[in-house]
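Asks: Take a look at the letters that make up each chain.
4 protein chains.
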Amino acid sequence: MTPEERAAACVAHMLAEDDASRALGMTVEATAPGSARVSLDVTRAMANGFGICHGGIIFTLADSAFAFACNTYDELSVAAAASIEFLKSANVGDRLTATAQERQRGKRSSVYDVSVTNAAGEEVAVFRGRSASLGRPLLPRGS
Amino acid sequence: MTPEERAAACVAHMLAEDDASRALGMTVEATAPGSARVSLDVTRAMANGFGICHGGIIFTLADSAFAFACNTYDELSVAAAASIEFLKSANVGDRLTATAQERQRGKRSSVYDVSVTNAAGEEVAVFRGRSASLGRPLLPRGS
Amino acid sequence: MTPEERAAACVAHMLAEDDASRALGMTVEATAPGSARVSLDVTRAMANGFGICHGGIIFTLADSAFAFACNTYDELSVAAAASIEFLKSANVGDRLTATAQERQRGKRSSVYDVSVTNAAGEEVAVFRGRSASLGRPLLPRGS
Amino acid sequence: MTPEERAAACVAHMLAEDDASRALGMTVEATAPGSARVSLDVTRAMANGFGICHGGIIFTLADSAFAFACNTYDELSVAAAASIEFLKSANVGDRLTATAQERQRGKRSSVYDVSVTNAAGEEVAVFRGRSASLGRPLLPRGS
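These protein sequence lines are chains F, L, W and Z, in that order.
My numbering applies: residue 4 is where the first sequence begins, and numbers increase by one.
My numbering applies: residue 4 is where the second sequence begins, and numbers increase by one.
My numbering applies: residue 4 is where the third sequence begins, and numbers increase by one.
My numbering applies: residue 4 is where the fourth sequence begins, and numbers increase by one.
If you're looking for bench data, these hints aren't it; they were derived computationally from the structure.
You may find that some hints are simply not true.
A pair counts as met if it fits within one copy or between any two copies, since identical chains are not told apart.
[What the hints assert, rightly or not] No more than 25 Å apart at the CA atoms, straight line, and that leaves these computed lysine to aspartate or glutamate pairs for DMTMM-like:
| id | residue 1 | residue 2 |
| --- | --- | --- |
| 1 | Lys91 | Glu32 |
| 2 | Lys91 | Glu105 |
| 3 | Lys110 | Asp77 |
| 4 | Lys110 | Glu125 |
| 5 | Lys110 | Glu32 |
| 6 | Lys91 | Asp44 |
| 7 | Lys91 | Glu20 |
| 8 | Lys110 | Asp22 |
| 9 | Lys91 | Asp116 |
| 10 | Lys110 | Glu78 |
| 11 | Lys91 | Glu7 |
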């Protein structure tokens, strides 16, 4: 497998099991070693008490993009911490895209930046996540 | 209204509109000025690619508790930023409780701490959020 | 004044008063509206208990670059919050450069990203800061 | 050695080498397994461009308390990341105290909370740090 094929295989494997991301209607649009781009449409069921997209949904989209990106090397990694700045509200009907990009790759811990934009290209949130590598492969043997 | 009654009225008003929190099955267990406690049961639809509760769901629970707590004074407030440390994984079937407590209340910006625990009382995540006040009441006139 | 001249005047005004930045030997290398680049040499007095540059010094350098950058519009702004990821240790003798860039400019609150690099161009830390505008000019009248 | 003696020995060992903390006049007031309390007096040389204590100094005090606290088990640990919320400004002449407390201790990564207060007991900043254990002792053999 090329690194690009491995990245795609890892994300496909995760997505197949990821009920939460699929339940929210996320679509993986692109993958590469250390990066992933994921989209979702904001539905009425994602609105908070103010009628705008719940910040938790924006975080979840960014967190999924981060999780996919940090697992593209076939080294099982989990989120240790994350922070998010909410820059602009998102509305029901908006299509949001989260682009996760590796900022630093360490042996045991790595840092990823995620930008969440709307269809007009405006930045809705910026997210930074730290992953911890568990030191074993993600893909089942024989994949 | 007493401050406690106002806090309860604000949270009830928000929850009635908060499709996202209700869609996830969140229950508001307690409110007071500057604080809120919210629970949810982790369902299979909340599992991520590793079969454990998606970090975004844990964040969303904490973020809802934060949003309720920072709106208990009937001053409309929104989340500006938040950070989360994931301390322990949560499993399908776990009941998670997020307790949000005001750390500092400013005129325009406030800080809240949220602790997310499981039924055994173990801390699953710690969350810190910063809210921005919009300078107008939350409750409709006449409430 | 052009925006570039205003940015330079604001930073010069701040630096003249900023004993802490000058005591650490910081040099402002560049300014523009919404950005600033600041350097310092890591001295023995900046080493921590492990003989490497104290993380607080790296933070302080980044925080100064952030403070300069968010005050380049002649609107008095202060730091409300910041986070830092330490990516690589810095040694006594290293020259560190912090480059602060506006990520989003709001009416009352703005977000800045800062990258701290060593002379080899390696990223030592990434920093994200949120500023609060106090709603009055930075420069004294007549400037 | 009791755990309390070990904590004190670790912090004494670090402080002896920690030129940065000593250069700023920090005093270690208390140590225990997983915690440390450190103070400093804000001097004119710590003032920023607005004549108040530079946020970097407040961070550095909190970061030192965190570094001491996370090394009290004689397991060498370094800061991986930290975030700070600035709640109240500190002035030249103020005595600041940072109290670091373990929030969660993991095998490879731990979380600490630090509160920075002034002499009136007002909270100046809250800090949260994540440490990484390097898997070897802090104290030299024979200590």
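Asks: All hints are to be evaluated individually against the structure, with a verdict given for each.
Replies: Verification of the hints:
1. Lys91 / Glu32: within (23 Å within a copy, 30 Å between copies)
2. Lys91 / Glu105: Close inside one copy (24 Å) and across copies (15 Å); limit 25 Å.
3. Lys110 / Asp77: Both, since 13 Å and 23 Å are each at most 25 Å.
4. Lys110 / Glu125: between (34 Å within a copy, 17 Å between copies)
5. Lys110 / Glu32: neither (27 Å within a copy, 34 Å between copies)
6. Lys91 / Asp44: Within. Shortest intra-copy distance 16 Å satisfies the 25 Å Cα cut-off; inter-copy 30 Å does not.
7. Lys91 / Glu20: between (31 Å within a copy, 20 Å between copies)
8. Lys110 / Asp22: neither (29 Å within a copy, 30 Å between copies)
9. Lys91 / Asp116: both (18 Å within a copy, 17 Å between copies)
10. Lys110 / Glu78: both (10 Å within a copy, 19 Å between copies)
11. Lys91 / Glu7: The answer is neither: 33 Å in one copy and 27 Å across copies each exceed 25 Å.
Against the hints set out earlier in the document, violations occur for numbers 5, 8 and 11.
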